[in-house]
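Novice: Sequence:
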Amino acid sequence: MPDSTLVGSIAHASQENQLSLASLNFDFSLVKLEAPAEYQALGASLSPLRRKAAEQGHSHVTARKLGALFQQLLPSTPKLLKAYGSRASEIARDPRLEANPAYLDGVFPEHAGVDGTSIWAAATSGQGAIEMHLLACMLARMWSSSEATSIWVELVEGRKDDISRCDPSEPLHLSTMTAAQVHITRDQLAEWDNSARSWLRTADEANQSKQKQLMLILRNLSLPISAERSTYRSVLDTWLSALSMMERVLCGTAQRVETGAILLGLSSWHLYPDLNDPLVSKSGVVTVGIETSPAQQATGPYWSLPLAHLKHYGSPECVQRTLSDDSERLTFDEYLAVALGSFLTNWDDPAQNIQEYSEVIITFVEYLRNCPLPMPTTGILDIAMLTEQKRSKSVVDNS
1 MPDSTLVGSI
11 AHASQENQLS
21 LASLNFDFSL
31 VKLEAPAEYQ
41 ALGASLSPLR
51 RKAAEQGHSH
61 VTARKLGALF
71 QQLLPSTPKL
81 LKAYGSRASE
91 IARDPRLEAN
101 PAYLDGVFPE
111 HAGVDGTSIW
121 AAATSGQGAI
131 EMHLLACMLA
141 RMWSSSEATS
151 IWVELVEGRK
161 DDISRCDPSE
171 PLHLSTMTAA
181 QVHITRDQLA
191 EWDNSARSWL
201 RTADEANQSK
211 QKQLMLILRN
221 LSLPISAERS
231 TYRSVLDTWL
241 SALSMMERVL
251 CGTAQRVETG
261 AILLGLSSWH
271 LYPDLNDPLV
281 SKSGVVTVGI
291 ETSPAQQATG
301 PYWSLPLAHL
311 KHYGSPECVQ
321 RTLSDDSERL
331 TFDEYLAVAL
341 GSFLTNWDDP
351 AQNIQEYSEV
361 IITFVEYLRN
371 CPLPMPTTGI
381 LDIAMLTEQK
391 RSKSVVDNS
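Count the sequence shown with full-length UniProt numbering and you get residues 1 to 399, in order.
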């Protein structure tokens, strides 16, 4: 047998063995790795239920699958992963975020405290998983839950498609080949997004001052996060660009940017160049290399994507979002006001009985003021003031 034929047969057999191994349905939850030292304080702060979910539940499985699926695309970012772990543990140790003792005696004590499930799941899942959590934070910062889940579905499908079109002679990492064979459900991706979304709320609160300063700066910048029209390519380019540029910033190299990729990363990862952040080198500054025209309204970095999986049928829906400070989220006070308004819609013709209903609202507010338990009532008080004004006007009109 000629040497070339022998070599070709060996290579073919090796490739077949790799594909055979990749077709096995490995249980990704079997492997739990030791988390890096920077993340240990975060893990210690989790409730037993959340820690178990991160180490043995769906979150752990999803982290391992996603990490294996995208690992080969990732740049090396050791300083970013270390700095992010230090910041996450710093947030978890913040005494302001400790669970209220009253909640620990309530109906759902296991859900009290910091929700760092996706971070701990990623930290104990090996290479590539923490970067997947960083992407989850970017998507959660920019998009609604349903939109982010739709993007995740498209990312997974796109990556699997890329792997399937690889040259058969090209050596693939076994974990990547294996991950391409497994199924990640939409519900698992939604759970992954929800955990990252919950973490953003916590981290925003812990870094309230710096986060507000950053968001005020970003609101004055109108620049695209990505000009790529393909959702898969746009998200990949934005994510990988943000990872690489943030690593260079943490290495002390100043960065000049003309797209909003790293700006979205900064707002999502709670690392603050130019804002006296001890985790960021003073020489690691970010300069925006584009100016907003005076005629152009400054709304903040924006991102437009065609979301193919947002609806169950029809053409992809093109959606544009602007990076903001989460204006779509209701505060608890606003939630109380909405609840009260919803309650009043069930009353018979409120416009004809405004004085009577006003008395009920004001009586209710007085009750809240005298309630022995601490309770935020600002939103209700605002309604009461407006109601008092309307009642006075009604009395004048009727006199």
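Please keep in mind that the hints were generated in silico from the structure rather than gathered at the bench.
Each residue gets a CB set at the ideal place from its N, CA and C atoms; glycine is no exception.
Don't take each hint at face value.
To be verified - Derived DSSO-like pairs: lysine-lysine, alpha-carbon spacing no greater than 30 Å straight-line:
hint, residue 1, residue 2
1, K52, K212
2, K212, K79
3, K82, K282
4, K210, K79
5, K282, K160
6, K82, K52
7, K282, K212
8, K52, K32
9, K210, K32
10, K32, K212
11, K210, K82
12, K282, K52
What the hints assert, rightly or not - Just the calculated beta-carbon pair ranges, DEER-fashion:
hint, residue 1, residue 2, range
13, K52, S230, 58 to 68 Å
14, L33, Q181, 48 to 58 Å
15, I362, C318, 39 to 49 Å
16, N276, Q40, 18 to 28 Å
17, T287, M215, 10 to 20 Å
18, E356, N220, 25 to 35 Å
19, M215, R93, 42 to 52 Å
20, R165, G252, 24 to 34 Å
21, Q40, R219, 28 to 38 Å
22, K212, S304, 19 to 29 Å
23, T185, R165, 15 to 25 Å
24, S209, S76, 27 to 37 Å
Novice: Against the earlier hints, flag every one the structure doesn't satisfy and list their numbers going up.
Specialist: 1, 5, 9, 10, 12, 13, 14, 18, 19 and 20
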